[in-house]
Structures are given as C-alpha cells and as structure tokens.
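Number of protein chains: 2
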Amino acid sequence: MTNSEGRTELEELGEFGLIQHLSKHVEIKNKSTALGIGDDAALIDAGKGQVVLTTDMLVEGVHFDLTYTPLKHLGYKSVVVNISDVCAMNATPSQITVSIALSNRFSLEAIDELYSGIMLACKNYKVDLVGGDTTSSLSGLIISVSAVGFADKKDMVLRSTAKENDLLCVTGDLGGAYMGLQLLEREKSVFEVNENMQPNLEGNDYILERQLKPEARTDIIKLFEELKVKPTSMIDISDGLSSEALHLCHSSEVGCNIYEEKIPLDHQTIEMAQEFKIDPSICALSGGEDYELLFTISQNDHDKIKGDPNISIIGHITAKGEGCQLVAKGGAVHELTAQGWDSLLKKDK
Amino acid sequence: MTNSEGRTELEELGEFGLIQHLSKHVEIKNKSTALGIGDDAALIDAGKGQVVLTTDMLVEGVHFDLTYTPLKHLGYKSVVVNISDVCAMNATPSQITVSIALSNRFSLEAIDELYSGIMLACKNYKVDLVGGDTTSSLSGLIISVSAVGFADKKDMVLRSTAKENDLLCVTGDLGGAYMGLQLLEREKSVFEVNENMQPNLEGNDYILERQLKPEARTDIIKLFEELKVKPTSMIDISDGLSSEALHLCHSSEVGCNIYEEKIPLDHQTIEMAQEFKIDPSICALSGGEDYELLFTISQNDHDKIKGDPNISIIGHITAKGEGCQLVAKGGAVHELTAQGWDSLLKKDK
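Residue numbers (the numbering used here), protein chains in the order written: chain A, 1 to 349; chain B, 1 to 349.
A few of these clues could be false.
[What the hints assert, rightly or not] Derived lysine-lysine pairs resembling DSSO-like cross-links, with alpha carbons at most 30 Å apart:
1. A:K154 - B:K154
2. A:K188 - A:K277
3. A:K153 - B:K126
4. B:K230 - B:K277
5. B:K154 - A:K126
6. B:K262 - B:K213
7. A:K126 - B:K153
8. A:K153 - B:K154
9. B:K123 - A:K153
Hints are computed from structural coordinates only; laboratory data are not their basis. Being a predicted model, the structure only gives us computed values, none of them experimental.
Next comes chain A alone, as it looks inside the complex:
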C-alpha cells in the first residue's frame, strides 16, 4: 500500500483498517483494565462493579451539516451516540464529558442551543455532565463526548461471545435515519437552486427524527433485566446492519444467516426508499446511524423475548466456516458485505 514516495494514503486503509493498524501496538499494563480497544467501550475494574468508558467525535462537514441540523438536535445526538455505546455493553450510562472546538462564527446563543440539547439528553438519560474542554477552532465545530457507565461484572455483554445456534436479534426498525438524511440532502439541494422553495418535509416526521434526534436503547437494557435475559453478545448499530453483523461475527469467530424478510422496517422508510428508487433493505443493511442494538441470545431464551414488540429475530449464528450470509426474499443467498453507503447505492441507480 506504500507508494514510491514511501507514503501510504489513509483512504486505502479506511477507518477500521486505520483503527486496526493503530491498535496493533497497544499493550494492557494495568490490572484494572478489564477490556481495552476492540469493543464498543472499555471496561475498567472498580472493585465489585465495572466502569465502562467510551468516546466519539463529531466533525462539522463530516458528521453533520448545519444547514439542516438544528444545534439543539446536534447536541442531543452527540450525547446519544455515546450512550448507545454504553448500552451495547449492557451497562447503565452515568457520566459524560463534552469537549467542543468552535470558530468565532458561533455566537453564545448558538452554543446555548447546542448545550440545551446536550442537557436535555443528560436529563432524559439520567447522565451527569462531569467535565470537558472548550477551545477555539479555525474552521467549523467539533464535538468530542466521552461517556462512563457501570454494570456488575456478571452482567457485561461483549461483542465477542456469540455462539453457534444463537438467535440474532435487533431492536426497533432500521434504515430510517439513512432515509431521513437522503430527504434532508434532497431538500437542501432544491433550496440551493431556488432560495424561494420551501423544504417539503411534511409527513416524514419519523425518519427525520431518526436522523436528527436519535435515541439510545437504554429501555432495552432495563427490558433485559425484567425478562431475565442476558444476551450472549451485543453491538450497537451505528454503521448499518451489515457492518455491525460482520463486526460481531468476526469478534466472536462465528458466521451468521440474516433473513432479509425479517429485517424490521418502518412504513415511512419503505415509502421514502421507493420514492428514491432505493431497495429499503439496502438502507437497513448499509445505511447506519440507527443506534438500535444488534444482539444474540441463546435459543433457550427464545420464549422470553418472543412477541416483544421491541425485538425482531432476524437470523441465527452459524459456524465460522459458513460465513456471514444474507438470505434474500427470493431465497437467493448473498455474502454479507460492509461496503459504504455510496458504493452500494450506486449499484441500484
């Protein structure tokens, strides 16, 4: 990958390649570090309980577009994406720190809007903002949030512990956040051509909210407790079902079968996908930003979750050698791939 000038371009590696590359030389030295890089969050032993630590960075122009993202929603979302990572460990979020870098383009009122969203998320999820850093940036807004959570050691769920024959489940519905983004991008481009055009967002509240104000599934963590179910593995869906299923299977050294007809989709997602001439399943598989939970349970626990409106069983875990497969509606079997949105969607155009 190194070219004649001894320079390797980052784009050749991609984000996960870069993370893998950077993680290679990381060694664990402290006994209290129960789990380091490689899952949704780190685990730190703290006597009888374990501390969960996770962090995420949102960059203007990369993760959000302020032309259609209200700052309050952005603040809310920046907290939620971290809380979702804590949930994915089956832990309860408790503290966050928020660091922001911003240019003088932002007024105090704008920052207040941002923080009102941050504080609303803190209130709704009962987490404490315990620190952070504010600094200037030469261009744009950058938000970096770290979240801490706790759980008993016995309750922690990793992404690396799925077993053959486990059921593969997902919460809520998928693909909505992606279709919300497509709608916002379309209306933005219409507006750019003609400033007198009003954006046509009516009747699409659900997919817009999925994109602009997602929620983390702390309710599912409580539900697991009530149902007395401990998932055998779990990961949150930030990058699309395909990518997350591959992460989970790779970490657990297993394969999986996912049945396309079982993938939960909202009717607004389906309608908007049809309007955009995109296969709705592709939105779920490759869209990302749904912040639902993908998890596996033992077949013995099937009766406990059966019929719960929050949970869909979409497939099962197979032996590693069988690979990760998508069984399409027609019965054809495709290998699951984690291509980016663009490359997948281009095929459909």
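For this one, chain A is given, so just place chain B on it according to the hints.
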C-alpha cells in the same frame, strides 16, 4: 454583553466565562458522581476507590503549530496534559482514550508518528490506551484525549480545600515552556523570511523540551505518599501561575501572598527572557503550559517537604478579604491578575 442583534460574542466571555456560563445549568443526578465540573477532573465513586475522569482537546493552529512541532512530541504532549490533570487530584492515571480528526493532508506515516508519541507516553506513565475514535476533518488535526485514574477516597485532593495559613508550593520550575514557544516562533519567522536560514536552537534544549515534550508530575504523587504529606489543595499549572493561583484561591474562598523572589526559574528561561526583553517572572506568572503542580500544605507538614529539590514554597494562604497578592522583589505589592500572555507582555515592550 448582548448587542442590538441579540447576539453575544464569545470573545467577550473568554474561555472561563464560557465554561462558567455552560456549567450553570448542570445538575448532578447520580449518587456515583462524587465531583463534577469545576476541578481538574471528575470523580466517580466506584466502591472503595474513586475513578478520576478528565478530558482535553488540542486543535491545530490553536494549540500547536506543525511547522515546528514534531508529531511524535505532539502525541506525547496530548497524553501528558491529561495525565497532569489526573495528578492534580493526587490520583494515579490508569487509562486513556484518544480521538483524532484529521484531513487527508496526513499520511499513515504521519499518524504513526503521532501515535508513537502517544504510545511512548502510555509506556512512560504506565497508562492503557483503551479506546477512541478516528474520523476525518475538513482542515487540520484535532486530538481529544480523555484520561481515567484511581485513588482511595481519603487521598483525593481538590482545588477547593486550601485553608488560611497553609503554605503555597510549586513543583519544578516555571516559565520554561513559554520561553521555548517564543524561541520556536522567532526561528519560524526567520525561516519564513529566508528559507536558507537554519533555525538557531542550540543550547536551549531544556526550554524547547518544556514546550515540545512536557512531563506530568506523577513522581510528585509518589513523593507525597513517601513523605506522608497530603496537600490541602492542588491544581496543575497549564495556564500560568497567576491564573492557577487565582483558580485555587477562588475555589477555596481564600486569598494568597506569592513572593516573586521565591518563584523557581531555570537559568535557560532567565537567559532567553532577557534576550527577548521579557521579565522572567512574567513568563512564570502568565506563560502557561508548564504542567507543574501548584498545591498547599498545612504548616505542620513544613518539615516534611523542606529542602526537597522538587518543591519550592512560594507563599502562603491568607483570608479571603486580603485578596491574591504578588509581593515583588522590591517589596511592592501587586494584585494578582490572570491576563492573557499578550496583554501582559505588551506592557513590557
């Protein structure tokens, strides 16, 4: 501060004004949050021990200039500034997360350099890198580090607990990092005028290292344990002695007297300050980035620290009503102010 358009400019508030403003509406909801915003790090109850959590963000063009900052040094420093915050709680750092946003201007080799510095700091300070986020940026490099540390509840030292008559102490020497920066900036401007000029940095290793590769005083935390001294309050010096002494006194609701002649200065700092026609004391008071510890001890502990080469007693704590004072070498008394570097230095020119 709001102008006719209902817009308040951030520059009118300054960083601390903004933090204070943003902290106003923060409420603590979790019993495990032993201490939130307002000190160097947050405290999280974890059974018998407490978890310390802190975070800092470094932005290219604001906190560092890559023309003269080697990426390896930058990585090292980004970890050290967080470890210094953990030290300032009298705690032992144990884990960090590192998030970076970078533009495609950076090659993999460049990022490797950055991470080699991060990993060297992890090795030297025995901390584990347990997570993070990597993302693209439209311009420049942004590094956000969060650090976790632990201590027994009884050993934690806050900045808000200094008492009248306590001795005010500082570790190491001050002002060096600032003079290192001045030297680098001067040689950069010479180079910009004539590219054939070689930077003249010889004989200034110490102040250059203070700027480019600072160290956190974990050794002092161990020393306190050995000497059986628990400071009555502590803060790390990232923004200059004046600013930190004012923070400490304000949080503790006390005043202080600092004696100019007692402020520890290295001979390289003094020489370079004289070359730049800056009062060396001003470098210490307003320069920042020294990452030494400013702390108070009870007078009863004086004998324990007396004569230790790492510690200088620079003054004492007074009643709140007496204010924060600098007693100059000539005997004149000045009110301590936390002006930025520029405004202070302009006076001397």
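- Kindly indicate which numbered hints from before are broken by the structure, ordering the numbers from low to high. 4
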